[in-house]
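Student: So you can see what is in the structure, the chains are spelled out below.
6 protein chains.
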Amino acid sequence: MAKVPAETQAIADDIRSMRTRGAGRIARAAVKGLMIATEKSKARQVNKLLQDVALAAQILHETRPTAVSLPNGLRYFYTRLIAKAEQIIKIGELKKEANKIGTGFIDMSNNAVKTIGEIGARLIVDGDIIFTYCNSATAFGVLKAAFSLGKKFTVYVPETRPKYQGHITATWLDKAGIPAILITDNSIRYLMSRADKVFVGADAITANGAVVNKIGTSLVALTANEARVDFYVAAESYKFSPATMAGELIEIEERDTAEVISQDKLARWKHVSVRNPAFDVTPPEFIDAIITEQGVIPPQGAIAILYRAFGWYSTEQVLPWEEYLEKRS
Amino acid sequence: MAKVPAETQAIADDIRSMRTRGAGRIARAAVKGLMIATEKSKARQVNKLLQDVALAAQILHETRPTAVSLPNGLRYFYTRLIAKAEQIIKIGELKKEANKIGTGFIDMSNNAVKTIGEIGARLIVDGDIIFTYCNSATAFGVLKAAFSLGKKFTVYVPETRPKYQGHITATWLDKAGIPAILITDNSIRYLMSRADKVFVGADAITANGAVVNKIGTSLVALTANEARVDFYVAAESYKFSPATMAGELIEIEERDTAEVISQDKLARWKHVSVRNPAFDVTPPEFIDAIITEQGVIPPQGAIAILYRAFGWYSTEQVLPWEEYLEKRS
Amino acid sequence: MAKVPAETQAIADDIRSMRTRGAGRIARAAVKGLMIATEKSKARQVNKLLQDVALAAQILHETRPTAVSLPNGLRYFYTRLIAKAEQIIKIGELKKEANKIGTGFIDMSNNAVKTIGEIGARLIVDGDIIFTYCNSATAFGVLKAAFSLGKKFTVYVPETRPKYQGHITATWLDKAGIPAILITDNSIRYLMSRADKVFVGADAITANGAVVNKIGTSLVALTANEARVDFYVAAESYKFSPATMAGELIEIEERDTAEVISQDKLARWKHVSVRNPAFDVTPPEFIDAIITEQGVIPPQGAIAILYRAFGWYSTEQVLPWEEYLEKRS
Amino acid sequence: MAKVPAETQAIADDIRSMRTRGAGRIARAAVKGLMIATEKSKARQVNKLLQDVALAAQILHETRPTAVSLPNGLRYFYTRLIAKAEQIIKIGELKKEANKIGTGFIDMSNNAVKTIGEIGARLIVDGDIIFTYCNSATAFGVLKAAFSLGKKFTVYVPETRPKYQGHITATWLDKAGIPAILITDNSIRYLMSRADKVFVGADAITANGAVVNKIGTSLVALTANEARVDFYVAAESYKFSPATMAGELIEIEERDTAEVISQDKLARWKHVSVRNPAFDVTPPEFIDAIITEQGVIPPQGAIAILYRAFGWYSTEQVLPWEEYLEKRS
Amino acid sequence: MAKVPAETQAIADDIRSMRTRGAGRIARAAVKGLMIATEKSKARQVNKLLQDVALAAQILHETRPTAVSLPNGLRYFYTRLIAKAEQIIKIGELKKEANKIGTGFIDMSNNAVKTIGEIGARLIVDGDIIFTYCNSATAFGVLKAAFSLGKKFTVYVPETRPKYQGHITATWLDKAGIPAILITDNSIRYLMSRADKVFVGADAITANGAVVNKIGTSLVALTANEARVDFYVAAESYKFSPATMAGELIEIEERDTAEVISQDKLARWKHVSVRNPAFDVTPPEFIDAIITEQGVIPPQGAIAILYRAFGWYSTEQVLPWEEYLEKRS
Amino acid sequence: MAKVPAETQAIADDIRSMRTRGAGRIARAAVKGLMIATEKSKARQVNKLLQDVALAAQILHETRPTAVSLPNGLRYFYTRLIAKAEQIIKIGELKKEANKIGTGFIDMSNNAVKTIGEIGARLIVDGDIIFTYCNSATAFGVLKAAFSLGKKFTVYVPETRPKYQGHITATWLDKAGIPAILITDNSIRYLMSRADKVFVGADAITANGAVVNKIGTSLVALTANEARVDFYVAAESYKFSPATMAGELIEIEERDTAEVISQDKLARWKHVSVRNPAFDVTPPEFIDAIITEQGVIPPQGAIAILYRAFGWYSTEQVLPWEEYLEKRS
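First to last, the protein sequences are chains G, E, U, H, W and L. In my numbering, each number is its position in the first sequence, counted from 1, plus 667. In my numbering, each number is its position in the second sequence, counted from 1, plus 667. In my numbering, each number is its position in the third sequence, counted from 1, plus 667. In my numbering, each number is its position in the fourth sequence, counted from 1, plus 667. In my numbering, each number is its position in the fifth sequence, counted from 1, plus 667. In my numbering, each number is its position in the sixth sequence, counted from 1, plus 667.
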């Protein structure tokens with residue numbers, strides 16, 4: 668039985684071994700993998716071609732089954748390929764279309780942070796006091812784009828314990844010349860009362876519009892909500908998690924306690940342990956809008972984005988290529 | 668003109684130079700200073716005695732005019748001394764009463780943490796999940812007293828950046844054998860949802876029942892309020908600030924930025940500064956009750972405690988001894 | 668003029684006389700009725716066929732014009748039939764497609780409770796304290812599916828006056844071996860504070876995501892909202908009411924007062940009457956998500972489900988078959 | 668050593684055996700017991716008299732140590748007796764004053780429900796839609812007084828499961844000619860939206876202004892709060908619990924499960940149990956005012972009532988007579 | 668039977684005919700009336716003197732029975748007179764004390780606005796954006812006092828329809844040199860989001876801490892509450908209404924419709940009427956503190972002020988002088 | 668190069684010069700302009716035709732680039748034209764389809780107010796107390812349609828300063844015979860407590876479901892939300908602003924201060940200025956539903972309407988005709 672091309676297999680290996688990291692890079696690599704599988708397929712019938720690509724999709728999907736952007740990239744490509752396959756009979760023509768689909772996704776993904784920045788920048792006005800949190804390329808992109816337009820504003824940057832990602836954000840802002848103020852995480856409520864807007868990133872967005880992001884994000888959101896400060900999430904559309912449509916919970920990882928306190932100190936305690944959750948969940952009622960490369964959407968409208976971009980989610984047949992895999996065997 | 672006794676002056680010097688520190692110790696020292704001034708006074712008339720003590724009160728008060736417990740101790744003693752002076756003519760008898768008043772205050776103050784612990788402990792039941800914050804002797808006293816009664820519970824301890832006072836609290840709990848979990852400050856909302864009660868201390872309590880305490884306290888309170896978790900403040904009654912009755916704001920000190928980030932790192936930034944506020948203000952609507960040595964009171968009832976314990980607050984004549992000082996000169 | 672087949676008429680009669688009851692059964696019967704009308708039509712032109720089926724749709728629809736699932740079933744079938752009729756010219760082929768459409772709906776409906784159970788079960792974790800309300804097959808399905816996966820949890824069951832449907836739920840849970848606690852309806856707030864999740868069913872879902880369900884459901888939802896407990900509605904997608912898109916209110920039936928108090932007792936009172944509303948309306952802001960067989964959706968996203976599954980709702984031409992009926996006469 | 672008079676002992680026995688029941692009756696009986704003990708004391712010194720009465724207070728107090736009105740009655744009498752004893756030397760004169768104190772309390776108590784009715788009635792206006800809950804003499808007193816003044820209003824009466832005390836209230840309203848509507852407890856939110864005011868009674872009021880009352884009261888309060896409906900508690904001042912000042916929790920009794928479901932039915936279940944809590948706690952933020960015989964007060968001001976009427980609560984020496992008991996032995 | 672002195676009667680006439688207007692002026696005039704009645708009384712016994720003054724109190728009270736400051740002034744004087752009368756036997760001495768009491772009240776009242784200004788000014792900091800509402804001497808006093816201290820701030824002034832009292836406030840601020848911005852009432856929410864504090868006056872304060880003030884005040888308070896802006900009421904202590912302790916409602920006057928629209932225009936409508944309520948009620952949960960000349964108090968603590976300044980309110984015997992009037996006849 | 672037809676140019680001129688005003692009229696005129704441009708095009712190729720119409724679209728769009736309905740009308744027509752152009756090769760046939768598209772839009776727009784009225788009227792029941800605000804044809808349409816159905820209700824009409832549009836609404840209601848009550852804007856909260864529903868119009872609806880409307884609308888919404896009164900927005904679907912999808916803020920115009928106060932008066936002030944914002948923004952959480960001619964939708968679902976009716980919004984290529992314009996040159 669035909670295997671997937673070596674390049675596709677190499678892409679899968681790089682994702683599995685985490686040589687390829689980051690939501691955007693993973694999604695683009697996966698789509699690249701499918702493009703190659705399509706191109707190199709020796710199938711002479713459309714159905715056979717779909718089966719070959721389905722195998723590639725399966726192999727790529729299994730590299731990191733809980734990643735959020737990976738299945739989105741695969742679904743984006745594969746559902747569009749199926750749609751085209753219903754209209755086109757000639758293999759050569761279909762391969763051309765497949766190439767267009769894949770290139771379209773990769774371009775969109777490559778431009779996503781920039782597009783989000785341009786959109787988000789329009790929401791900032793002179794004199795704004797802005798909060799960000801942790802270290803997010805998309806949220807920073809918004810700030811940088813607004814600054815490039817000559818807008819004047821100040822950014823509060825909580826340090827984000829235990830790993831101090833706020834220091835990285837502060838350094839980015841400093842390099843960009845944007846006035847910023849570093850603060851401890853626990854001073855958020857005290858300083859929020861004079862703020863105007865919050866921009867944060869996202870690790871994943873769930874079916875009902877909740878946002879999974881670095882621990883503390885929901886605390887910033889709660890505080891912004893109390894003070895009537897606008898709270899925006901800047902996130903690429905492939906951060907939406909289709910698995911949550913089927914009720915899958917996003918597991919909140921508990922990380923090494925050594926990040927919080929030195930193991931020497933911890934060893935001296937008999938009755939004290941440490942918890943170090945990596946993420947928390949911000950409910951949709953605290954989020955004014957999610958800024959994606961597809962536009963500004965209310966969190967409850969996330970589902971529409973999901974459907975349009977990545978195909979309607981079937982709760983029974985979770986992955987669109989499974990049907991073709993079965994035919995294959 | 669007569670001066671204050673040397674011992675009284677020494678007490679004043681110790682408070683000014685911060686050799687005498689801590690709300691309780693300052694208040695007791697100040698009352699001791701007035702007791703000595705009363706005892707050593709050579710006045711033969713009640714009015715003259717009151718003037719001598721007024722001078723001592725003034726000198727002691729000026730050592731740290733913005734301290735909260737200092738004027739409370741002085742007012743406690745002096746208003747009661749005036750009241751007795753209206754009934755008693757003999758100097759010797761009045762001095763005896765003054766001694767009783769002072770001893771009463773010092774005993775009450777010495778026992779306050781213990782009494783608060785006993786009262787607060789009754790609010791804890793088996794199985795409770797409890798949050799505390801920063802490092803408070805009164806809040807810890809509540810936990811320890813409950814544990815001594817054999818109650819089983821677990822305590823979450825936020826680390827309290829930038830100075831990690833949570834580590835001290837964790838060590839205290841560890842020594843007491845109370846199961847505890849150290850966490851970063853930003854994981855409060857994530858972990859609060861299963862909690863039952865919060866116990867924190869206070870630096871000062873204002874006329875309208877708001878609580879000034881370590882930065883982040885209001886964030887814990889907001890989070891507890893959102894999750895319908897009871898929020899208790901454990902504080903001695905002399906933490907109530909009479910000056911706030913006259914509209915005085917409690918200034919929120921901004922501390923050294925070196926506590927938040929190394930000065931080396933900070934120096935590398937041109938556009939990033941640091942803010943390090945030491946306290947924040949928790950509004951009364953987030954506080955279920957304040958546990959004092961005088962009993963459990965709603966925050967809005969703080970004012971009644973203030974009046975009863977330290978004399979009705981006159982907005983025009985801020986300090987009860989001023990009238991006697993004027994007569995004196 | 669041609670009539671509808673006898674079997675279709677019999678199905679209509681059974682719905683009207685309430686021999687066929689329950690949202691799912693009614694919807695499936697109605698679709699079955701249309702399938703038969705299509706199959707048995709003697710029309711030789713596509714348009715004539717559509718007219719025949721339109722007549723069947725009208726007759727079936729009129730049996731219970733205020734039912735929610737009935738028009739959804741009819742719309743599901745008929746809008747898809749029209750779409751196919753635009754592409755297919757041969758009657759025989761169209762009939763085959765119609766058969767597929769109908770079978771698809773009936774399968775989906777038959778599996779809906781099971782699918783909802785599987786999806787909802789993923790939201791439950793070990794140690795959960797769960798509330799349910801009244802007696803709902805979909806909500807019970809979630810609990811049973813989670814229990815089958817070996818998850819450990821406890822369920823609070825309010826008795827649900829006046830008809831004590833909570834007793835039935837308790838019996839179902841008992842048979843399934845799931846630990847449960849029966850309570851009176853008025854103890855919900857007292858016991859909610861330690862709960863984690865709520866699962867209830869729905870009688871109907873409105874255009875703006877509000878849920879119509881047994882009286883008291885909105886009280887459970889309000890209480891869960893206050894205590895930051897997740898509130899989930901488990902409901903098949905045909906519970907979404909298309910009529911509410913056109914502003915139709917869902918009437919809240921007032922039932923026999925004899926359910927609330929014996930008529931003997933009531934007769935003894937001159938100035939006291941009884942009200943016995945059967946349903947109430949839970950606003951979308953109290954609902955974290957609706958679990959349908961199509962996936963987990965935010966209540967405000969219900970409208971998207973409605974459009975996709977049952978055709979875009981036209982406010983002017985309420986029923987898709989009316990146009991064909993007019994042509995017919 | 669002298670004993671308490673036989674009549675006092677008989678009163679104590681009646682309270683212990685629950686022949687004397689109800690907050691008002693118990694408090695009045697207890698004061699009567701102290702009046703007799705004072706009158707019959709053979710002491711010739713004021714201090715001895717106080718010791719005799721202290722013994723009576725102790726005996727009466729021990730009959731039902733967790734009752735709320737009992738210690739309030741005893742404290743009312745005894746703290747005033749001590750105050751008088753500081754001014755009066757002659758036993759005969761002191762006994763006369765004691766008689767006045769006791770009579771004053773008993774009159775106040777006897778008139779309390781009537782006075783509360785008169786005060787509360789002023790809050791009702793023509794056209795009001797009013798909710799009550801359970802069966803409260805004070806709340807009913809308000810309604811009856813308003814009706815006697817010719818005011819026109821309607822009263823919703825939840826049935827109050829499991830014991831249907833709402834039926835009693837409905838009967839009282841019916842006899843009084845007041846239009847009323849009996850409803851199930853779970854329809855409260857549906858029907859609250861058009862209401863104007865709620866009047867309920869109280870079993871106890873805590874130091875921070877929370878109200879302990881029949882299970883479901885806090886649900887009515889939450890619902891009223893959501894709908895911006897005024898929520899009033901009608902309660903005699905001796906319902907304020909001084910023990911809660913010292914942190915004592917008011918235990919929520921769990922009553923016999925047979926009240927909720929027949930034991931036959933219950934026996935058929937293996938995995939289902941029943942909980943039947945008798946009371947819940949309404950937080951002060953849901954209460955607009957407490958109507959006492961001393962006037963309308965905000966719940967957070969309850970503490971002031973407590974202090975004025977029953978003596979300042981000492982957290983160390985819980986009962987004012989203990990000091991005299993110790994001297995006695 | 669003795670009448671009241673002519674001067675007292677003249678004062679009463681001036682209050683009744685509204686020649687004497689304004690809460691402060693009325694209260695001072697009434698106290699002056701009692702001072703004269705005391706001074707001119709020919710009584711030779713304390714009790715007779717009290718009866719003479721009681722008559723004056725009654726006559727003065729009846730001039731405007733629903734005014735709030737009038738009974739407060741009378742109660743202030745009379746309850747203190749009774750207290751002195753218990754200690755002093757000599758008529759001459761008692762008259763002297765009465766003079767002191769009256770003078771004390773009049774001085775306090777005359778200085779109240781100034782004292783409130785000084786206290787409130789401490790709550791303002793540089794850069795504040797402040798809202799006021801309608802035209803209040805006490806609220807303006809706060810702003811002016813802060814400005815005199817050199818503080819820099821800006822004041823938003825809603826115009827306050829229908830009588831445009833905001834124009835008067837704007838003129839006062841303009842004369843004082845304080846930067847101000849006049850706005851329409853309906854732009855409050857739009858402009859509130861950047862504000863820091865609100866200062867308004869009060870017509871009356873009720874027993875549970877609610878504030879009766881010009882229509883629209885509660886709208887400003889609701890908006891400030893939503894935006895986490897501090898809301899302060901600046902009011903003399905005699906604005907507290909003792910009658911509300913007995914459940915008396917403060918009637919909301921409906922004023923002439925001609926204030927809202929010209930009668931010509933109104934006459935042209937057949938189905939349109941006009942409502943013009945003069946006041947609304949701001950609930951205590953929207954008020955951060957009430958600034959009185961006695962200090963800053965939480966609204967729920969208003970009751971304590973009432974008791975201390977004007978005597979404990981007896982629900983049965985509403986006016987302290989009635990007892991003496993009865994003796995008189 | 669070909670120009671646009673003279674009639675199209677005339678339509679553009681009328682929009683620019685504001686001879687054509689009102690959201691509906693502008694949209695319909697613009698579509699008419701495109702219909703003419705299509706009809707009169709001399710192109711013989713589909714692509715050329717599209718280019719000609721693109722030029723017309725550009726010219727019409729530039730007349731008032733910030734209007735909301737203008738681009739919606741243009742997008743409606745042009746995106747459908749493109750879709751048809753993909754299927755149809757013959758110019759004549761395509762022109763026919765273009766005519767159908769344009770006529771369809773114009774009919775829908777002409778009927779929109781009527782349709783909205785019919786839908787909204789179903790939400791009104793006998794006895795309702797309803798608030799409206801400012802002067803909205805759609806909101807009035809709802810009231811009139813309900814009244815025509817014989818429903819009995821009363822309408823509160825705030826006057827809407829500074830231009831008193833409430834007077835116009837009152838006159839409309841009067842002519843229709845609908846009972847109404849004119850009030851000042853600041854009495855909204857006082858009178859809202861007994862209301863049942865609010866109906867207002869909209870100037871624009873943003874991507875996340877917020878509503879831009881006359882200043883004060885958000886105040887009415889906040890007040891309705893506090894009082895649990897349903898808040899409905901009646902608006903044609905072309906009020907949805909596609910530009911907000913790309914982050915464009917809707918600028919809140921500040922109008923002439925002479926509307927608020929006479930310039931004479933204003934000139935007398937040195938330190939007082941005037942602000943006169945024309946609109947405010949009501950957040951989606953205050954809106955129960957938006958009533959459009961396409962049905963009742965939750966505000967968060969607005970985005971779905973936008974996509975379906977006016978084409979998916981591309982953040983990079985803002986206007987669908989730009990691509991064809993580029994080809995043209």
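Since the hints were derived computationally from the structure, they do not count as laboratory data. Be careful, since some hints might not be right.
In this list, chains with the same sequence are indistinguishable; a pair is considered to hold if it fits within one copy or across any two.
Distance condition first, Cα-Cα at most 20 Å in a straight line; then the derived PhoX-like pairs of lysine-lysine [as the list claims (entries may be wrong)]:
no., residue 1, residue 2
1, Lys715, Lys762
2, Lys751, Lys994
3, Lys707, Lys830
4, Lys937, Lys818
5, Lys932, Lys830
6, Lys757, Lys932
7, Lys767, Lys751
8, Lys937, Lys819
9, Lys818, Lys751
10, Lys751, Lys932
11, Lys937, Lys699
Student: Hint by hint, where does the structure go against what was stated? Just the numbers, ascending.
Tutor: 3, 6, 9, 10, 11
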